[in-house]
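Visitor: Top line first, the protein sequences correspond to chains A and B. Mapping of the first sequence onto full-length UniProt numbering: residues 1 to 478, in sequence order. Mapping of the second sequence onto full-length UniProt numbering: residues 1 to 330, in sequence order.
Incorrect hints may appear among the rest.
What the hints assert, rightly or not - Quick list of in silico lysine to aspartate or glutamate cross-link-like pairs, EDC-like style, CA-CA up to 20 Å:
| # | chain 1 | residue 1 | chain 2 | residue 2 |
| --- | --- | --- | --- | --- |
| 1 | A | K253 | B | D177 |
| 2 | B | K261 | A | E460 |
| 3 | A | K190 | A | E173 |
| 4 | A | K23 | A | D99 |
| 5 | B | K136 | A | E109 |
| 6 | A | K61 | B | E168 |
| 7 | A | K16 | A | E6 |
| 8 | A | K108 | B | E139 |
| 9 | B | K5 | B | D283 |
| 10 | A | K61 | B | D35 |
| 11 | B | K261 | B | E233 |
| 12 | B | K306 | B | D35 |
| 13 | A | K131 | A | E30 |
| 14 | B | K259 | B | D307 |
| 15 | A | K78 | B | D80 |
| 16 | B | K21 | B | D271 |
| 17 | A | K134 | B | E37 |
| 18 | A | K134 | B | D177 |
| 19 | B | K32 | B | D286 |
| 20 | A | K470 | B | E220 |
| 21 | A | K470 | B | D212 |
| 22 | A | K131 | B | E37 |
| 23 | A | K470 | B | D177 |
| 24 | A | K190 | A | E30 |
| 25 | A | K52 | A | D88 |
| 26 | A | K52 | A | E30 |
| 27 | B | K5 | A | E109 |
| 28 | A | K61 | A | E84 |
| 29 | A | K61 | A | E109 |
| 30 | B | K10 | B | E272 |
| 31 | B | K136 | A | D82 |
| 32 | A | K134 | B | E233 |
| 33 | B | K261 | B | E320 |
Treat the hints as calculated values from the structure; they're not laboratory data.
Here is how the chains run, residue by residue.
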Amino acid sequence: MAESEEEDVLVQRVVKDINNAFKRNPNIDEIGLILCPEARYNRSPIVLVENKLGVESWCVKFLLPYVHNKLLLYRQRKQWLDREALVDITCTLLLLNSDFTTAWNVRKELLQCGALNPERDLYLGKLALTKFPKSPETWIHRRWVLQQVLQECSPPSSDRKEQRDSGLRDAAERTRLSERLHRVLHDEMKVCADAASRYPSNYNAWSHRIWVLQNMAQGNLKVLHDELSSMREWVSMHVSDHSGFHYRQFLLKALVRELSQSMHHHHAPWPSLGSSSPRSPSPDPQPGHPHHQANGEATAAAPCPSPATPEDQSLVPAMPQLFHQEMELCTDLIQSFPGHETLWCHRRHVFYLWHHWRRDHDHHDGQGCGSESPQLNHTDAGLSSYPHTASPRGVGIDRVESRNGQAQEGQNAMEVDGVGVPDPRNTKRLKRGPPDPCPPALPSEHSFIARVLEGCRSPEQGCFALAYRKWLDSVIGQ
Amino acid sequence: GTQVKDVVIKSDAPSALLLDKHADYIAAYGSKKDDYEYTLSEYLRMSGIYWGLTVMDLMGQLTRMNQQEISDFIKSCQHDCGGISASIGHDPHVLYTLSAVQILSLYDNVNVLDVDKMVEYVRGLQQEDGSFAGDKWGEIDTRFSFCAVATLALLGRLDAINMDKAVEFVLSCMNFDGGFGCRPGSESHAGQIYCCTGFLSIAGQLHQVNADLLGWWLCERQLPSGGLNGRPEKLPDVCYSWWVLASLKIIGRIHWIDKSKLRSFILACQDEETGGFADRPGDMVDPFHTLFGVAGLSLLGEGQIKDVNPVLCMPEDVLERLGLHPDLLS
Chain A
1 MAESEEEDVL VQRVVKDINN AFKRNPNIDE IGLILCPEAR YNRSPIVLVE
51 NKLGVESWCV KFLLPYVHNK LLLYRQRKQW LDREALVDIT CTLLLLNSDF
101 TTAWNVRKEL LQCGALNPER DLYLGKLALT KFPKSPETWI HRRWVLQQVL
151 QECSPPSSDR KEQRDSGLRD AAERTRLSER LHRVLHDEMK VCADAASRYP
201 SNYNAWSHRI WVLQNMAQGN LKVLHDELSS MREWVSMHVS DHSGFHYRQF
251 LLKALVRELS QSMHHHHAPW PSLGSSSPRS PSPDPQPGHP HHQANGEATA
301 AAPCPSPATP EDQSLVPAMP QLFHQEMELC TDLIQSFPGH ETLWCHRRHV
351 FYLWHHWRRD HDHHDGQGCG SESPQLNHTD AGLSSYPHTA SPRGVGIDRV
401 ESRNGQAQEG QNAMEVDGVG VPDPRNTKRL KRGPPDPCPP ALPSEHSFIA
451 RVLEGCRSPE QGCFALAYRK WLDSVIGQ
Chain B
1 GTQVKDVVIK SDAPSALLLD KHADYIAAYG SKKDDYEYTL SEYLRMSGIY
51 WGLTVMDLMG QLTRMNQQEI SDFIKSCQHD CGGISASIGH DPHVLYTLSA
101 VQILSLYDNV NVLDVDKMVE YVRGLQQEDG SFAGDKWGEI DTRFSFCAVA
151 TLALLGRLDA INMDKAVEFV LSCMNFDGGF GCRPGSESHA GQIYCCTGFL
201 SIAGQLHQVN ADLLGWWLCE RQLPSGGLNG RPEKLPDVCY SWWVLASLKI
251 IGRIHWIDKS KLRSFILACQ DEETGGFADR PGDMVDPFHT LFGVAGLSLL
301 GEGQIKDVNP VLCMPEDVLE RLGLHPDLLS
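Using the sequences and the accompanying hints, generate a full structural model.
Guide: Printed below as a string of structure tokens:
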């Protein structure tokens with residue numbers, strides 16, 4: 001056999017070996033290159049150990065050009081490849097070179113004609129990201145696939161009469177789609193978290209995470225707040241990760257937007273992703289509960305377009321409390337880890353958000369936040385609830401666990417615009433302890449800076465503190 | 001105290017500009033076309049050619065490259081839809097459409113392509129909210145807004161798109177720190193900032209930028225080594241000497257940077273043996289970092305290098321020929 005024919009045979013075998021490995025073990029969760037400069041006689045370069053797939057490096061220089069050129073010949077209509085061959089070849093190619101855009105596009109077409117299902121492609125992307133956690137084209141392709149999933153999970157027609165008629169009959173289908181969407185959302189968070197841990201300040205992973213929330217969980221207060229809580233520990237262990245902290249800024253901003261929108265809308269509680277999130281400890285949705293049925297007019301499966309319900313709103317501590325917690329976190333980290341620019345940037349962002357929120361909401365809060373007196377008599381059930389000293393994590397968990405017990409009570413007791421009826425949950429909050437002093441303002445920020453400068457032993461810390469002061473003076477203090 | 005993320009420039013790092021070595025490096029690059037690394041990067045080949053040719057032109061060495069071969073190659077990369085792909089057989093995309101037009105502009109040879117079809121392709125990528133998709137599959141990113149208007153500006157066809165809407169979208173990506181991200185709500189990033197300030201320059205809307213605020217964020221990218229990073233607590237990288245520096249030039253704040261320290265950093269990124277620039281001192285060189293190292297030095301006023309235009313990253317004399325003078329703030 002000629003040398004190049006031998007190579008072809010070898011490469012075709014390797015492509016087969018890779019795809020057989022996936023068939024044998026559908027739980028492969030990581031791929032990698034095994035540094036191995038020479039072939040061992042007659043042994044496959046594809047190694048499968050537990051759930052890790054390895055490719056010996058000696059074969060890659062034959063393998064990549066072969067599959068690469070084969071795909072391009074197909075693309076130029078110079079050589080036909082059937083669907084299965086395309087699936088195998090693009091899989092091999094993308095595991096070696098996950099930024100090869102055209103290969104991802106071939107898979108898009110396979111998806112469109114039904115030869116691939118979206119979950120399979122998401123799985124391939126997940127594997128590619130274990131090796132190439134930044135890969136821009138992998139993240140870009142992922143967003144397209146997720147959009148296909150979103151379309152599959154959305155109401156099929158805009159014909160309202162047709163929807164009403166098919167209402168109850170399709171409730172099971174809607175539940176199935178809703179569960180699929182939740183699974184996909186949950187998986188995406190995990191993929192983003194893994195990639196973020198594999199590469200510091202992974203812009204692409206974090207901006208993807210934001211995209212997912214913007215497109216698959218709009219208005220979902222519970223998801224936003226859960227993300228804020230669950231990321232606390234992660235960022236505390238990655239204090240240089242600017243993207244991780246930016247994610248928290250995004251979450252805070254989104255929470256502000258959702259909570260302020262809900263103040264201005266009057267409507268009956270609608271089913272939303274918030275009431276059937278997989279993170280809730282109780283089984284969801286609750287069949288027979290009047291507020292969880294779609295009434296044929298909307299689906300619980302689609303990302304919720306409607307503003308937060310009063311029920312959702314009760315899941316989340318009020319904004320002042322969230323801002324206070326965030327500033328506290330920032331203070332702790334700045335003091336524990338001196339000289340990290342990221343932490344000071346975070347402080348700027350959070351203070352900026354807080355500053356503007358206060359400016360926009362001072363007319364809702366009769367007492368305003370400049371007051372020193374403890375606000376024990378504050379009975380507004382809405383945004384202006386004061387913070388308290390229970391630990392941030394404790395608050396979050398307490399609320400989620402008690403939510404379902406209180407849900408019905410809350411829905412009946414709560415006035416939609418939060419005025420008048422004393423909220424039983426406020427009483428619960430009161431019982432947790434004395435309120436904190438009012439959240440930070442310019443004077444307290446300046447004393448914080450002074451304290452840092454006084455005790456400061458790190459020159460970088462001193463510089464960042466001074467830069468923060470300069471920023472406060474020029475950007476805020478106007 | 002904490003060690004700030006940065007590099008330390010060794011005392012024996014290169015401190016003189018080695019232009020001849022860089023020209024030799026680029027001229028020889030890609031001559032072994034079946035190289036594995038070369039295949040790996042084929043998906044961006046058109047941009048790779050743009051990087052190589054532009055840096056050669058800036059060094060006055062463009063004639064060493066094979067104009068005919070390159071023109072023929074580009075022609076065979078235009079698809080029926082009018083868009084251009086990175087290489088033969090690959091799918092079209094606005095990124096490579098821009099690179100192709102930039103290359104052909106260097107040669108004053110844009111008409112080997114079907115220009116009207118290309119303009120239609122770019123127009124078709126604009127979305128209702130004014131944003132631009134990268135290709136028919138719909139990914140939105142402010143980079144693509146820049147690619148679209150830069151392409152059309154070079155062709156003299158900016159009227160093909162809805163500029164007001166395009167501006168509206170880019171401005172919606174402006175963050176509280178004055179910077180820009182890839183989509184609304186995204187983190188500020190020096191590369192995206194370059195694309196957005198470049199976009200606003202071409203659109204004649206630079207007055208919408210908060211130049212002092214953004215300028216401050218940009219000059220905070222400079223580290224003790226003199227190098228620039230792209231975001232807080234990232235290592236310096238020579239390509240940010242372009243993205244950050246060009247942005248500062250566009251918004252009229254380039255004097256806020258310590259120029260001589262930056263120059264030392266860029267020179268230290270050269271490889272004295274192979275020629276070319278790496279992302280940081282001691283690393284492997286590539287054409288991408290070579291272009292941005294040389295372009296950065298040009299912006300800093302290096303006499304041996306032609307003037308580079310900060311908006312389009314092309315020699316000023318080429319844009320002069322085209323009659324293109326994108327706005328700069330002073």
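Visitor: Taking the hints in turn, state whether each one holds.
Guide: A quick look at each hint next to the structure:
1. A:K253 x B:D177: Holds - the C-alpha atoms of D177 (chain B) and K253 (chain A) are around 14 Å apart, at most 20 Å.
2. B:K261 x A:E460: holds (19 Å)
3. A:K190 x A:E173: violated (26 Å)
4. A:K23 x A:D99: With a Cα-Cα distance of about 24 Å, the restraint between K23 (chain A) and D99 (chain A) is violated, given a limit of 20 Å.
5. B:K136 x A:E109: holds (12 Å)
6. A:K61 x B:E168: violated (47 Å)
7. A:K16 x A:E6: Given that 20 Å is the threshold and the Cα spacing comes to 16 Å, the pair holds.
8. A:K108 x B:E139: Holds, at about 13 Å.
9. B:K5 x B:D283: Status holds; Cα separation ~17 Å.
10. A:K61 x B:D35: It holds: about 9 Å lies between the C-alpha atoms, which stays within 20 Å.
11. B:K261 x B:E233: holds (19 Å)
12. B:K306 x B:D35: Roughly 32 Å separates the two Cα atoms, so the pair is violated.
13. A:K131 x A:E30: holds (8 Å)
14. B:K259 x B:D307: holds (16 Å)
15. A:K78 x B:D80: holds (17 Å)
16. B:K21 x B:D271: holds (9 Å)
17. A:K134 x B:E37: Status holds; Cα separation ~19 Å.
18. A:K134 x B:D177: Cα-Cα ~24 Å, so violated.
19. B:K32 x B:D286: holds (15 Å)
20. A:K470 x B:E220: OK: K470 (chain A) and E220 (chain B) at ~13 Å, within 20 Å.
21. A:K470 x B:D212: holds (13 Å)
22. A:K131 x B:E37: Roughly 17 Å between the alpha carbons, so the hint for K131 (chain A) and E37 (chain B) holds.
23. A:K470 x B:D177: holds (14 Å)
24. A:K190 x A:E30: holds (14 Å)
25. A:K52 x A:D88: With a Cα-Cα distance of about 18 Å, the restraint between K52 (chain A) and D88 (chain A) holds, given a limit of 20 Å.
26. A:K52 x A:E30: holds (5 Å)
27. B:K5 x A:E109: Distance of about 44 Å is beyond 20 Å: violated.
28. A:K61 x A:E84: With Cα atoms ~24 Å apart, K61 (chain A) and E84 (chain A) exceed 20 Å; violated.
29. A:K61 x A:E109: violated (28 Å)
30. B:K10 x B:E272: Satisfied, since the Cα-Cα distance of roughly 14 Å is no more than 20 Å.
31. B:K136 x A:D82: Not OK: K136 (chain B) and D82 (chain A) at ~24 Å, beyond 20 Å, violated.
32. A:K134 x B:E233: holds (17 Å)
33. B:K261 x B:E320: violated (31 Å)
Of the numbered hints stated above, those contradicted by the structure are hints 3, 4, 6, 12, 18, 27, 28, 29, 31, 33, listed in ascending order.
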